[in-house]
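With chain Y held as given, fit chain V onto it using these hints.
So the sequences go chain by chain: Y and V.
The first sequence begins at 14 in our numbering and counts up by one.
The second sequence begins at 14 in our numbering and counts up by one.
Rather than coming from a laboratory, the hints here were simulated on the basis of the structure.
Given the structure is predicted, the values throughout are model-derived calculations rather than measurements.
A hint or two may mislead.
Pairs count within a copy or across copies, as identical chains cannot be separated in the list.
[Said to hold, decoys possible] Taking lysine-lysine pairs in the DSS-like style, the calculated list, with each CA pair at most 27 angstroms apart, reads:
1. 237 x 195
2. 441 x 22
3. 463 x 250
4. 463 x 403
5. 403 x 137
6. 30 x 172
7. 434 x 403
Protein chains: 2
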Amino acid sequence: MNTRFYNAKILVTREDKSFEIREGELWVRGNTICYIGDGREGEAADAVSGIGEAEQALREASRRPDPRELGWDREIDAEGNLLMPGFKNAHTHSAMTFLRSSADDLPLQEWLYEQVFPREAQLKEEDSYWLTALANLEYLTSGITAQFDMYFFQDMVAKACVDMGFRVVQTSGLNNFGGTVKELEEKYLRLNNYHELSSYILGFHAEYTTSRELMEGVASLVQKYKAPMFVHNSETKRETDECRQRYGMSPTQLFDSMGMYDFGGGGYHCVWFDDADLDIFARRGLTAVTNPGSNAKLASGIAPVDEMRKRGINLAIGTDGPASNNCLDMFKEMFLVTSLAKLRAMDAAVMDANEVLYMATAGGAKGMGLPDCDCLAVGKKADLIMIDLKQPNMQPIRNITKNLVYSGSKQNVKLTMINGKILYEDQKFHVNLDTDEIYRKANEIVERIK
Amino acid sequence: MNTRFYNAKILVTREDKSFEIREGELWVRGNTICYIGDGREGEAADAVSGIGEAEQALREASRRPDPRELGWDREIDAEGNLLMPGFKNAHTHSAMTFLRSSADDLPLQEWLYEQVFPREAQLKEEDSYWLTALANLEYLTSGITAQFDMYFFQDMVAKACVDMGFRVVQTSGLNNFGGTVKELEEKYLRLNNYHELSSYILGFHAEYTTSRELMEGVASLVQKYKAPMFVHNSETKRETDECRQRYGMSPTQLFDSMGMYDFGGGGYHCVWFDDADLDIFARRGLTAVTNPGSNAKLASGIAPVDEMRKRGINLAIGTDGPASNNCLDMFKEMFLVTSLAKLRAMDAAVMDANEVLYMATAGGAKGMGLPDCDCLAVGKKADLIMIDLKQPNMQPIRNITKNLVYSGSKQNVKLTMINGKILYEDQKFHVNLDTDEIYRKANEIVERIK
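Extracted from the complex, chain Y is given alone in its bound form (with noise of 0.2 angstroms):
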């Protein structure tokens, strides 16, 4: 598929993190952004400065191609839209759409031991390809192109995502009922090896529900791939107080001092992270992953996210599942980072939008291992979507980039491309999966799981 975007505004992600808006065309060869520019021929691509690529070797390579050997299965009238990259979303577990709305307003203690855990024992491999399947689409209509997972039936997930044509990164959710590190091996060798839309990340569920001897395992998993590590981090305060008491440290300082962290990767939550927590994260590079919405509503706290921000460790967003969430929507993520974090500080200057603009997508890219999916440039992955700019509250436009995190919604995603296909286009799925099926297919494992 080759796509001729045109008469478009194209959000450009600069080196200092910040953005410029550039009116003019996209293009698009195979999976691929190939230029970006007003389309005059022969004229050199303006936008090839992705961020940390060598700027003058793209620039050569970036003058732009000749239509008439592309040639164009589609060109899209833009009509001033707004072009930009694809939200990355760094953490969930997206199969667990079969418990939306089953167990809300509980304690946390509650809802994960008498609703989740009995009813997740109860899920088959093939429901998960399903629940997957039915999380992708509503990723979609929230302009999310890549997802990072952890859940059961790795493999399902994987051939959900494929199918569909979405980018899945996962990781692993061991623990003490379930997995072992030869597992979890097999399937970083296998699912990084599966399809160019998949990939696999180190990692386990959290310390509270695993052993020293497993946690061990994925150590010396991480020094023989001197891979990056992933696992849920201090997400409550119980969480973190207990394991204080088993090891005298907090849970990033045990899995630092265990290696986990020698070769990059990051947590998910980050909530009740004390200062020893941030330099280490920030020494190490690590990324830390917030789930404001998850976090509020079971009320495990606000994350230190303008600290974080301040020694300038990356940061990335995720929707959590959605029996925690339990939507999984960017936009509703993105006010929350920026607006919890002014509740925390309570201070409204803090976590400028453009910051949270750049965690949604660019950090979030850079946490999951996705370095080609990160902005709009040429060379990198056609991840993107166009953000629809006529919706009233989109207007007046002033400042393109405030509007998105602060009055933006799922109602604004007028297109989603993923790896160069279009998956959603004006509410309308192209996914190669019936979405009835799906919602059929949803709805009878609610009923058998009761």
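Then chain V, alone, in the frame of chain Y:
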């Protein structure tokens, strides 16, 4: 316009503030719901138990009308989707759309005194027509069917709303910098008798902007008309601290001591309430309008809504104006009401989703003096919306009211009807004004008032 909805799920509000979902038909005659039932001839209507209604009398009057006498202008197959009461936006400054994304991420005082006030001073009367119209479009996309507005040029605001078919309740922003008690009284009389879509409630801006003399004038009108009164109340800690310094009591206690709460009404924001304030609100039957998006973004604090609920205080939800929030989206506000209450209490069990849905519909209608618009029942005004359940965020359909509050989005709003007229359907507006012209005017105003 007479409209028949069939194949619908219908959200019925019970006397005990809980909800029930029925399947069947809902018929609209003119601006009124005339039938809810299964559509069979001669059958008595099911859902006549409107809040506080004389059920038996209504049941008698609610037998299925003869469709041949009605004559349908539209028959709409709801395809199993949900009809529910429209949301009531119980506090806003609609025309502040011109300040959206103009001054975010700033401390509150700087935001107000350096960005908002100087620009507001440049507003012209006609501006408020177009800026209010822009807000109304956004309300329609979010399923909001009535707004409670406080802003300038209130005749223009009423005209914009009536021209578009939008229901508006206004109150005064009277303060030391503009307005007189005489003008307030004239507007109260005029805008309560302008059009069935327009009404007016006594009020003023806030204690911190208004002299004792002006407040005494408002109090005299309250006594003269035995009427409710609304005002910004305890939005920030500074506001309540300074009020205590000036008067030796909180804003609520001050207003009550002056007789302004003798006939009901309430306050916007209500964040920094103490026990005595809660007692007054409970004893007087006042309405606390919470504005969580604005309170979070401006770092004002988290209102004690769960404490209010426990005392039986009527609760409503407002978006506040688009310069504070910045979007006018009841789905976002509903999620924030419950999740911020959970964070405040550090307890995931407080503020059940159903309580929040009641606040956003019937609670708002009660505070706004719209008892005929609070729920779907025979004899009520046809202010209703249709929610698309065939979107991934509404699946599986296990618990619809929880889905609405926790994972609902503007994207789910398939149709918005006010006073029996469909103003928004399948992403299209039917509001007598051209949306492109509204956008153009709003952008021109922004250009003029830099």
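To see whether the hints hold, each was checked on the structure:
Taking the shortest alpha-carbon separations for residue 237 and residue 195, only the intra-copy value of 13 angstroms comes in at or below 27 angstroms, while the best inter-copy value is 81 angstroms. Taking the closest pair of Cα atoms, residue 441 and residue 22 come within 27 angstroms of each other both inside a single copy (23 angstroms) and across two copies (23 angstroms). Neither within a single protomer nor between protomers do residue 463 and residue 250 lie at most 27 angstroms apart by alpha-carbon distance, with minima of 31 angstroms and 47 angstroms respectively. In this assembly of identical chains, the alpha carbons of residue 463 and residue 403 lie at most 27 angstroms apart only when taken from different copies (22 angstroms versus 43 angstroms within one copy).
Taking the closest pair of Cα atoms, residue 403 and residue 137 come within 27 angstroms of each other only across two copies (25 angstroms); inside a single copy the shortest separation is 44 angstroms, beyond that limit. Proximity of residue 30 to residue 172 under the C-alpha cut-off of 27 angstroms is found in neither arrangement, the shortest distances being 34 angstroms within a copy and 45 angstroms between copies. Proximity of residue 434 to residue 403 under the C-alpha cut-off of 27 angstroms is found in both arrangements, the shortest distances being 24 angstroms within a copy and 24 angstroms between copies.
Checked against the numbered hints given earlier, the structure breaks hints 3 and 6 and satisfies all the rest.
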